[in-house]
Amino acid sequence: MNPQAKLIFVTSLLLGTTITISSNHWVVAWTGLEINTLAILPLISKSHHPRAIEAATKYFLVQATASTLVLFSSMTNAWYTGQWDITQLTHPTSSLILTAAISMKLGLVPFHFWFPEVLQGSPIITGLLLSTAMKFPPITLLYMTSLSLNPTLLTTLAILSVALGGWMGLNQTQTRKIMAFSSISHLGWMAIILVYYPKLTLLNFYLYAMMTAAVFLTLNSMKVLNLSMLMTAWTKAPSLSTILLLTLLSLAGLPPMTGFLPKWLIIQELTKQDMAPAAIIISLLSLLGLFFYLRLAYCATITLPPHTTNHMKQWHTNKPINPLIAVLTTLSIMLLPISPMLATII
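Using full-length UniProt numbering, read the sequence shown as starting at 1 and increasing by one per residue.
None of these hints come from the bench; they were simulated from the model.
C-beta: ideal position from N, C-alpha, C; glycine also.
Errors might be hidden in some of the hints.
Pairwise CB distance ranges, derived in the manner of DEER restraints [to be verified]:
no.	residue 1	residue 2	range
1	THR68	LEU153	16 to 26 Å
2	GLY82	THR242	24 to 34 Å
3	PHE72	ILE302	45 to 55 Å
4	THR93	LEU336	36 to 46 Å
5	PRO277	GLY82	37 to 47 Å
6	THR31	THR173	37 to 47 Å
Using 30 Å as the maximum straight-line C-alpha spacing, the simulated BS3-like pairs for lysine-lysine come out as follows [unchecked claim]:
no.	residue 1	residue 2
7	LYS199	LYS272
8	LYS223	LYS319
9	LYS319	LYS177
Make the full structure from the sequences, and use the hints.
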């Protein structure tokens with residue numbers, strides 16, 4: 001892709017995100033979401049492969065539908081209350097429609113079907129943007145309207161997301177699809193606590209984005225697209241494979257890694273809110289996710305390939321590790337000891 005074009009698209013992404021997260025008016029927030037959607041489409045379809053074009057088309061249709069619903073919910077609310085302010089979304093029907101619209105934008109169950117397909121058709125770095133940066137504006141909208149949302153509906157969507165994200169990721173062999181189902185599962189954790197402690201949702205999102213960025217950048221450096229390629233990675237890049245193992249365990253939420261911190265705080269807050277059954281269910285369902293993270297980690301570090309492997313061997317080069325990967329991995333592993341400080345900040 002032409003560097004100037006790429007610069008324009010990336011700048012538009014930053015602009016759209018900034019407009020949405022800093023707006024008070026529904027129409028301005030909607031404009032930011034639209035700029036974001038239009039800026040990411042060329043980045044999805046830049047390879048001109050039929051699968052990439054299909055992914056871009058699916059993404060456009062889903063996001064356009066969700067944006068229409070966002071406008072419809074804000075107009076309904078303005079019709080009944082005379083308010084266009086985002087924080088004044090008080091009409092129950094409007095908040096239900098908004099929950100559906102944002103769920104569609106994020107890929108929460110039952111509006112999750114587009115996300116794995118789009119991620120599979122996108123390049124790895126665009127997949128990283130779709131999993132992290134593109135989810136930030138919708139999550140900020142949920143954060144601003146959290147007081148008026150229906151807790152029962154969000155808890156139901158959250159438990160279904162963690163269940164389906166874990167269950168459908170079990171038999172995947174493509175790394176991008178596995179990361180897509182992992183994203184759906186993490187969104188469930190964010191949604192369940194949104195009404196009770198919105199700042200925890202944002203903390204969970206920041207930590208999730210950091211760990212996912214580390215995983216995607218490592219996979220991109222290793223040029224790994226599926227499990228069979230991952231199995232031959234240890235001989236080529238042992239240090240990157242070790243980094244991938246640690247970051248995946250952190251994403252799975254195992255102590256003493258950073259990924260344990262949001263899960264711990266969310267379970268603690270749910271218990272305080274007399275929602276111990278929901279906390280138990282969501283914790284047990286996250287074990288499904290743990291299984292496929294462990295399988296990825298096992299393929300990356302413990303399996304040595306057979307000598308008659310079908311795919312072409314690459315040269316073993318001692319390339320230096322990208323400093324960004326090193327920083328993100330360190331943060332993904334070592335933030336748990338400072339959790340008291342993070343808890344006081346939020």
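#### Entry: Cβ distance range 45 to 55 Å for PHE72 and ILE302, holds or violated
Taking Cβ atoms as reference, PHE72 and ILE302 lie about 51 Å apart, which means the hint holds.
### Query
Has the hinted range 36 to 46 Å been met by the Cβ atoms of THR93 and LEU336?
The hinted range 36 to 46 Å holds for THR93 and LEU336, with Cβ atoms some 42 Å apart.
### Task
Starting from the hint 16 to 26 Å, judge whether the C-beta atoms of THR68 and LEU153 obey it.
20 Å Cβ-Cβ, so the 16 to 26 Å window holds.
### Query
Is the straight-line distance between the alpha-carbon of LYS199 and that of LYS272 30 Å or less?
holds (16 Å)
#### Entry: Pair hint outcome, LYS319 versus LYS177 [Cα-Cα no greater than 30 Å]
holds (27 Å)
### Query
Taking only the CA atoms, is the gap from LYS223 to LYS319 under or equal to 30 Å?
Since the Cα atoms of LYS223 and LYS319 sit roughly 13 Å apart, the hinted pair holds (cutoff 30 Å).
### Query
Is it true that the C-beta distance of PRO277 to GLY82 lies inside 37 to 47 Å, as the hint says?
holds (40 Å)
### Message
Is 24 to 34 Å respected by the C-beta to C-beta distance linking GLY82 and THR242?
### Response
Violated: the Cβ-Cβ distance is about 59 Å, outside 24 to 34 Å.
### Query
When you take the CB atoms of THR31 and THR173, is the distance between them in 37 to 47 Å?
holds (40 Å)
Violated hint for the displayed structure: number 2, the only one.
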